[in-house]
Amino acid sequence: MALVRIPPVLRPSVGGEREVEAAGNNIGEVLASLVANHPATKDQIFGPDGTLNRYVNVYLNDEDVRVLDGLETVVGAGDHLVILPAMAGGS
Amino acid sequence: MEGSVQNPNQSTTAAELIADIKLRVAEVAPAEIKDGLPEGAVLIDVREDGEYATGHIPSAHHIPRSYLEMRIENIAPDRDTPLVLYCAGGVRSLYAAKTLVDDLGYTDVKSLNGGITLWKDGGHPVEIPKTLTPVQADRYSRHLLLSEVGLEGQQKLLDAKVLLLGAGGLGSPTALYLAAAGVGTLGIIDGDVVDRSNLQRQVIHTEDRIGTLKVESAAASINALNPDVEVVQYPYRIGPDNIMDILPNYDIVVDGLDNFPTRYLLNDASVRLKIPVVSASILGFEGQISVFSPYEGPCYRCLFPVPPPPELAPSCGANGVLGVLPGTMGLLQATEVMKLILGQGDTLVGRLLLYDALATSFTELKIGRDPECPICSRSPDAISDSEMGVFPDYDAFCDGSH
Ligand SMILES: [Zn+2]
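Taken in order, these protein sequences are the chains called A and B.
Per the working numbering, the very first residue in the first sequence carries number 1; after that it's consecutive.
Per the working numbering, the very first residue in the second sequence carries number 1001; after that it's consecutive.
Derived from the structure by calculation, the hints contain no laboratory data.
Fair warning: this is a prediction, and the values are worked out from it, not measured in the lab.
Any given hint could turn out to be false.
A few chain B residues facing chain A, derived, Cβ under 10 Å [as the list claims (entries may be wrong)]:
{"id": "1", "residue": "E1048"}
{"id": "2", "residue": "G1050"}
{"id": "3", "residue": "A1053"}
{"id": "4", "residue": "R1263"}
{"id": "5", "residue": "L1265"}
{"id": "6", "residue": "S1281"}
{"id": "7", "residue": "I1282"}
{"id": "8", "residue": "L1283"}
{"id": "9", "residue": "F1285"}
{"id": "10", "residue": "R1351"}
{"id": "11", "residue": "L1352"}
{"id": "12", "residue": "D1356"}
{"id": "13", "residue": "T1360"}
{"id": "14", "residue": "G1368"}
Heads up, the beta-carbon is just placed ideally off N, CA and C, and yes, glycines get one too.
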């Protein structure tokens, strides 16, 4: 089980939770299980081709998974994932 | 009998001591360093404040000899840093060099032969430092007590030019604290007028200025706080038609922009001009902040090559925000700005900091340069006007008005 930090814009899609648990042995599996439990997140995280949307970054602990092994990056028990969409708003 | 035995140390004359130090501390002639020091070497003026104020060698750091042991590590934490010390005539700098070698373990310390006097006799340039007025010395006294700021740092702050994009939630606290700190020039770009709904968080504005331009309201607050600060007002939105005229006048940009098109435009322009951007955004109870320093760390497009579609872009339309949140994030921005000006500490270049006010937690993420970044993988000259802030195959923006 990994703990996934949900950004404010995705919270309505997960019932308002700030963090959710999701199972899987790699990033792709963890995100797939997140999407299975909360289908409204699918189009926000993945593009039509099944890859991560380019305006969403995913971090394993503090590292961008794109500089690791992408969706194949191995996730251990107790790891933290951060989903980070681009954000603007300063007023 | 007792009186006839003398401790040899007590009989050492000053001249003998100097001769002894000269055996161990090398001296350099003014001509050897007139074109600058070798890469990585540091020049330090060890004279007293009053002497330094009459003129110093350009590029020299100033640490009076009496503070040398206490402050040297701020300038040269590495004991192997090559150091050249100078004083008025070349004697005090020898003593100071001996202290650094013997007591603090510096391995490469030299003394300027003949000090600044011989330097001047050789016709080499001298820089006369700007000094603070007595009123300024009083106003900034808590800065002057910090070795990381001091007179030199305060002068850097007074000479600095910082551009604030927006006098809103983030811009309000940033502007107020940078003004209080004595940042000499603050440019503010904002086309809006003060609205009552702003006052829950935009602390630079006041009830009696509702309906007036935000840049005017901000300038009034800043001038009331610190008359040292010159406020340059830009009462309009920043856009492709004006950004390349405004940005080059500033050392650092503070980005509190509320929409994606302008945020990307700013990124592309700042990379082209090599101006660092301290960027933050806020939503609800959460904020994020980083420093984008062109070609040193990632740019905004390295992090997010394209903006999200409107349904995922909460900047389209009014959103809730906890009143104090822009205060927290804006002051983190102001702190980074001051560190950049002072050249102190580790900035957020290459790091993104997330703040969750409800959880009271900070999360730090590593962000790196993208070798395929559409903007900062190329040289500044290769970036054209027509591609700044533009996204091929992307048109799903909201109008960006809020
Ligand atoms: Zn880049």
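Open item on the list: Please check whether R1351/B passes as an interface residue: C-beta within 10 Å of a C-beta belonging to chain A.
Closed with: Holds - the Cβ of R1351/B comes within 10 Å of chain A, reaching about 9 Å at its closest.
- [ ] Please verify that hint: A1053/B, Cβ, nearest Cβ of chain A, below 10 Å or not.
- [x] violated (41 Å)
- [ ] Return the status of the interface hint for T1360/B: holds when the least beta-carbon distance to chain A is below 10 Å, violated otherwise.
- [x] violated (12 Å)
TODO: Please verify that hint: R1263/B, Cβ, nearest Cβ of chain A, below 10 Å or not.
DONE: Since the shortest Cβ distance to chain A is 5 Å, the answer is holds.
TODO: Against chain A, run the beta carbon of L1265/B and see if the smallest gap drops under 10 Å.
DONE: violated (12 Å)
- [ ] Please verify that hint: E1048/B, Cβ, nearest Cβ of chain A, below 10 Å or not.
- [x] Check failed: Cβ of E1048/B comes no nearer than 46 Å to chain A, outside 10 Å.
Task: Hint status (Cβ of L1283/B to nearest Cβ of chain A, threshold 10 Å) - done: holds (5 Å)
Task: Cut-off 10 Å, beta-carbon criterion: hint that L1352/B touches chain A - done: holds (8 Å)
Task: Minimum beta-carbon distance criterion (10 Å), G1050/B to chain A - done: Violated. Min distance 46 Å.
TODO: With a cut-off of 10 Å on the beta carbons, see whether D1356/B makes it to chain A.
DONE: holds (7 Å)
Open item on the list: For the restraint on S1281/B, tell me whether the closest CB of chain A is nearer than 10 Å.
Closed with: holds (5 Å)
- [ ] Under 10 Å, Cβ to Cβ, is where G1368/B needs to be relative to chain A, so tell me if that hint holds or is violated.
- [x] At about 6 Å, which falls below the 10 Å cut-off, the nearest Cβ of chain A leaves the hint on G1368/B intact, so it holds.
In this structure, the earlier hints numbered 1, 2, 3, 5, 13 are contradicted, and the remaining ones agree with it.
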